[in-house]
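Here is how the chains run, residue by residue.
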Amino acid sequence: MRRTQDAADADVRDHLILSRMLADAESLCGTRDELLAGQYRFLRGRIAALLELTMPIGADERSA
Amino acid sequence: MSAHAQNRIEGQAEDVPFVDSARLRRLAVASRADLEALQLHKLRRQLARLHASSGYYRRRMETGGLDPDALASLADFRAGFPLSSKSDFLTDQTEHPPFGERLGIAREEVALVNMTGGTSGQGQEIYGRSQRDVHMQGYLHALPWFLAGLRPGDIAMNCVPAGGLTTGGWGPGEGLRIAGATAFHVGGTLSTDAKIDLMLRIGEVNFIYASTNYLHTLTEALCRRGLEPKRTFPTLRTLFIAAEGYPLEWAERIETLWGCRLQEGYGSTQCAGFGGSTCADGAITSRGERGLMHLFEWETLFEIIDPTTLEPVKSGETGELVVTNLSIEGSPVIRFRTGDSARFISHRDTGSGRSWNAIECGTIGRFDDMLKIRGNNVWPSAIDAAVFSFGEIGEYAGRVYTSAGGKTEIEVRIAFTEQAAQMDEAARERLFEAIRRTIKERTNVWMTLVACARNELPEFSYKARRWKDERQQGYRL
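The listed protein sequences derive, respectively, from chains R and A. If you count the first sequence from 1, position 7 lands on 35 in our numbering, and the numbers rise without skipping. If you count the second sequence from 1, position 182 lands on 183 in our numbering, and the numbers rise without skipping.
No wet-lab data here; the hints were simulated from the structure. Every residue, glycine too, gets a C-beta built ideally from N, C-alpha and C. Among the clues, some could well be false.
Covered, in the sense of this in silico footprint (three residues per stretch, anywhere, with C-beta under 8 Å from a C-beta of chain A), are these stretches of chain R [what the hints assert, rightly or not]:
hint : region
1    : 35-41
2    : 66-77
3    : 84-90
Isolated chain A (complex conformation) (with noise of 0.2 Å):
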């Protein structure tokens, strides 16, 4: 590396957060052979451990005819380790029960079980996780939180619903202790006037976390009792994000409001937390363009392929999001395919400095919540994007069922923002025009929308369900 470029890396180094983490920035400056070299290193062990321990895996490693001992490069590992998916792990759990051969571990040390959300209707993962694994699960909260600003002593908001059996609902209290923060963990427990109520007494509040869509609905509230964030809360560093994709506009503008800059991770259940993040990068560039999180790829293997083919996807294009825990010990998922489609960017072309690869921020979607619409892919994200990105909007809820006369139809039920709804009726018809060509562009399929009050829709704490497929009741006799 030339003297200028190793210069540069090192000058960009410096930026918050890496000064304040001598580690982080030792990874922040790493080059990618090192990187790589730590991902093998942490291969090898998972593997070998899990070939002692796991009937699973070991059945893998043998149809894939990999030895861990041997295991030569991470090329090695994408060759011979066969993919894992949500069928294989439902199997496995139900030939043996609770947690499949795949634990690992000895039941007695599972201290903390997750399950996921089984929103997929396929079933439920069940993970067993260690005592060391809920350590990790919090660091890997408290990562890219640390990365965004937030730091010891600071006062948080914790808005998604806490406890329960989800990673979601354990990590981040787990994360905002690591990180030494004082946390109110107000999600699933307090009505969002109510939340709001408690943010006013408190005054000082440094960090909220909140899923897109409710982040949304907090600062659709905020606005609605007259009060603008920015000046209500002076002392708001970051507002960071998970779960959700959303539109450029709709970024821009909750940046606006809030006066402070909007940080976005990617996480799930398979990542044991968060994989990646913006950093301090935020999730609009200053050129006003999408950014990137960053993938925190010394904890967890990343592998972004084509759904079809199962070969790499290249910098720029969109793929399917395969995971492997380099660290956790506790049902680690290993060549998962998480069903999660992200746009793939290499290290090269960050422009980050940094040798860790990214993904693009505010355009996760999945390839299971696929809607086929008269012959159209159409993914509830793209129309997430193409609605919300009117202002005048506060939410909506969408639904594709069969005429009377056996026809596929969309219907778009769409409520205003307060200030909106006061608008007349031409302005709501130009508005509404609008909308249908930007959705009509976005998914190449026209719906219909209709009208009504915001309180005929559904507020969501979490991870918003927009959209409900009902053709199959409309073949019902």
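The shape of chain R in the complex, shown without the other chains (with noise of 0.2 Å):
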């Protein structure tokens, strides 16, 4: 049970770290540099993919 719990605050750490990354994705995304644009743009999808991917699983965690 130890290790279930330790794997949930892991959870939670990771989508919080991510949480953050995108927003900072977002921030980059602003560019005006079109080159650049479309490269932010993939990398704010994969940081959306694997914001989703870590979403916590319990309802507590959810909403902590």
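Take the two lone chains and join them into the complex the hints point to.
Below, the structure written as structure tokens:
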């Protein structure tokens, strides 16, 4: 059970890190450099997917 | 839950592959209530987004009187959200080309276009995927392969044709990159013998992904060259198949010949990759029975319904798969009737300890490729199962046609494996009779068998199309 709790904590931590990364990627997407803009959108998409994939499993974790 | 039951589940979750992923381990021990709460959370968010961004889905919610913000349960969703079918999507695309109003994202956000194969003859569905979806599609390929034992650094052979317009052409590449594997995308670009030559040069191969039919072709070609797969590729850990049904006897022979476990996944464009897989449990159980594909229900909501009454089937019954994407944002499917038939096994009956529902391995079929022959409903997958239960058969092709006298006839052309082709006339007659009887047992139809050379029949690199219905031609003047 301890390992399960540790994994839950890691999930929440990873999710928060990715949330911050997504906000940063959104900022990058505001660039006026059209060559970089497409690549930043690529990066934003990857982070957004990982944010989805690390969504906390427990309802209490999601509301935390 | 009793302490004993909890210990049992925790103990099972220690098993490979869950020991290598804490997140998957958590999903493996999640209760059904927790899993459904996660589904409902994702579903509410998906429906609210589509209500704002998709005219197609907004109208369906209005038709069913469904308010996404007030959605209280999965049961309310099933009761209130109308089913969609392929023809609904095609109409939407025609009225709002090219993606239809179901797209749900800005057209400028579409980073990958996928289309269905068009083998139904009705038309091709078109799907616009966002950058986020491209990764999700990769994940939905990497996930079953990770569960089947693929690990970073492994050498993988992808025998499914890459690229093009299909999800099956793009998802595996993303999936293998996400998994961290060194992948050789040999499908559709090299002949079978050239693939074997390359594999021999590589030497260490850990993972092979192929359609059921192509794994058969590859195995046949290796044996023809006198190469025993398990001695030739001793580092191979996983054979992973998808797309088509097969007889148990075939699966057993494949495992024996290759000396490793055969794993299977159920996937489609509508699932944006794989919706479920055998995990590490294998397509055949230790008791020699068909295995189960456990559904990834935290990403895709599955219903298995009676295609006539539209009511959910009971555990053990066969029904039509209905799919809802919980995590896909571009052209998501919501309560889409796939036309795929599958035998449903409730999570209570899987014996896995996980709360994931499952479908049976090796028996996925199509409701729409059914042939009506002399009043019988005959599925090509049933004939595949009958014919390939005989190890002497290399390939076959069938046609239903109208004779000069106006009678429906069925011809099955059969090619033997190289070894079996040497048998004498009497043995061949006995084998033909045994195959004929087996087909009759499984379809209730007697068919005419004709022997032919292996090179008279096509080699299929992905999904096999072994049957032709030529009856309309018989009535042409």
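Okay, the hints, checked on the actual structure:
A count of 4 residues in the region 35-41 of chain R with a Cβ less than 8 Å from any Cβ of chain A is obtained; the coverage claim is therefore met, three being the minimum. Counting residues of the region 66-77 of chain R whose CB lies closer than 8 Å to any CB of chain A gives 7, so the stated coverage by that chain holds, three being the minimum. Residues of the region 84-90 of chain R with a Cβ under 8 Å from some Cβ of chain A number 4, which satisfies the need for three, so the listed coverage holds.
When each numbered hint is compared with the structure, no violation occurs for any of them.
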